[in-house]
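Heads up: the protein sequence lines correspond to chains A and B, in order.
Everything in the first sequence is counted per our numbering, starting at 2 for the first residue and increasing by one.
Everything in the second sequence is counted per our numbering, starting at 4 for the first residue and increasing by one.
FYI, nobody ran anything at the bench for these hints, they're computed from the structure.
Heads up, some of the hints might be wrong.
Pairs of lysine-lysine, DSSO-like flavour, derived with a Cα cap of 30 Å [claimed, not checked]:
no.	chain 1	residue 1	chain 2	residue 2
1	A	K293	B	K134
2	B	K134	A	K289
3	B	K25	A	K18
4	B	K134	B	K117
5	A	K293	B	K113
6	A	K289	B	K117
7	B	K41	A	K18
8	B	K41	A	K293
9	A	K289	A	K18
10	B	K134	B	K41
Here the structure is a predicted model, which means the values were calculated and not measured.
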Amino acid sequence: MSSLLEIRDVLRDFYSKHEIYLLPFLKFCLAFLVIFTINLNLGASSKLSNMLVVLVVSLLCACLPINMLVVLSMIFTIVHFYEISLECAIAGGAVFLLMFLLYYRFSPRDALVVLLMPLFFGMKIPFVIPIVVGLLCPVTSAVAVGCGVIAYYVISYIKDNATLISSLEADNVIARFRYIVDGLMSNKGVFVVVVAFCATTIIVWLLRRLPVDYCWTIAIFTGSVMMVVILLLGGLNYDTNLTMGRIIVGTLVSILMAFVVQFFAFNVDYSRTEQVQFEDDEYYYYVKAIPKNTVSKSKRAVKKITSVL
Amino acid sequence: MLSEERIKLMTRMAAYEENEGKQYMAIGSYFRSDYMGKQVIHSVISATIAFLIVFGLYVYYHFDILMQDIYKLDLLGMGKKVLYYYAIFVAGYAILTYIVYSVRYNRARKSLRKYYSHLKQLLALYDLEGKSR
């Protein structure tokens with residue numbers, strides 16, 4: 002355990018020392034990954050799929066605030082939709098614009114969650130997002146989690162039906178539009194996933210704030226179990242595109258990842274908990290202090306041994 | 004002479020000004036009524052655009068039926084119904100905005116009060132140092 006803590010401290014020190022270079026680099030990597038994934042999955046526009054364009058936009062994102070990456074990703078997605086058909090661009094663009102207008106006014110910082118959700122769906126571990134968001138973010142971020150799920154299913158639906166949509170009669174634009182909207186609205190599985198993920202975020206947030214020992218661990222396990230139960234029960238009635246094996250394996254991987262997050266963000270030693278009580282002119286204070294797990298850095302002493310022959 | 008206590012306080016205040024303080028100071032520069040009014044107006048504009056988008060999509064979806072029955076439709080009644088839904092949507096969104104931003108304003112004022120108390124503490128430390136010289 003102490004060696005892990007040492008590694009954590011080394012990583013922290015390294016990040017704080019080189020933050021000025023690391024942050025743009027990480028932004029570049031994220032932007033590249035997101036735009037590359039969009040191109041790989043939709044890939045309808047050959048101009049946007051050009052690697053040079055991807056690199057230039059990623060470099061641009063490295064210097065811009067993270068929310069610009071969200072806006073650029075939306076633009077990339079809508080242009081790809083447009084290449085499939087105008088109606089796809091209208092339907093997809095309207096969904097993104099509604100999210101932007103109604104939710105991001107309140108909490109622009111959570112835009113990253115919406116961006117990461119489709120990415121993690123692609124990696125087959127979307128279950129980690131509601132747990133980690135519940136651990137690290139305020140409860141209102143549950144709405145961002147829901148928006149991320151909707152964004153993924155819109156993209157996924159259009160990607161799966163791209164050939165069919167393109168083959169529909171070009172002169173009957175309303176029929177095409179109706180086909181897309183009906184397809185998006187009839188998928189009740191989306192609502193099951195939205196409810197499961199939002200409920201998990203809220204439960205994890207509620208439990209990790211409880212004044213009990215191991216509250217983060219309790220929150221991770223309870224949230225995960227609840228998510229699996231809702232997804233499995235919902236999956237019996239509606240098509241969520243998630244198989245039982247994928248849900249269970251994905252959740253187990255997500256629990257592991259949540260513990261890694263816990264290790265970095267909330268690593269305390271409950272065995273050394275102290276309860277103190279004091280008062281001032283106005284209040285009595287009952288304080289529970291839990292020390293953080295830390296390790297003192299081992300100092301390497303270089304001993305010079307010289308021998309006289 | 005360097006005062007360790009003063010340097011600690013200044014560092015903490017500088018970190019606050021760089022991070023959460025930046026956002027709170029911007030909020031704190033408004034009177035409550037001005038701040039809430041500004042946010043509610045922004046929300047009404049956002050909600051209006053969002054409603055127009057949804058309404059536009061609805062019209063586009065039913066375009067052929069609407070065109071077919073345009074002369075049979077009670078346009079006035081339909082207009083009233085649309086306005087009724089618009090009013091409910093915008094009012095609901097404005098109330099939500101009022102609640103969210105009112106909580107945020109109170110939080111910012113509370114945090115800034117703490118910051119000002121640190122400023123006073125710093126001033127007192129400077130005074131104390133001046134007298135001891």
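List of violated hint numbers, smallest to largest
When the structure is compared with the hints, numbers 1, 2, 7, 8, 9, 10 turn out to be violated.
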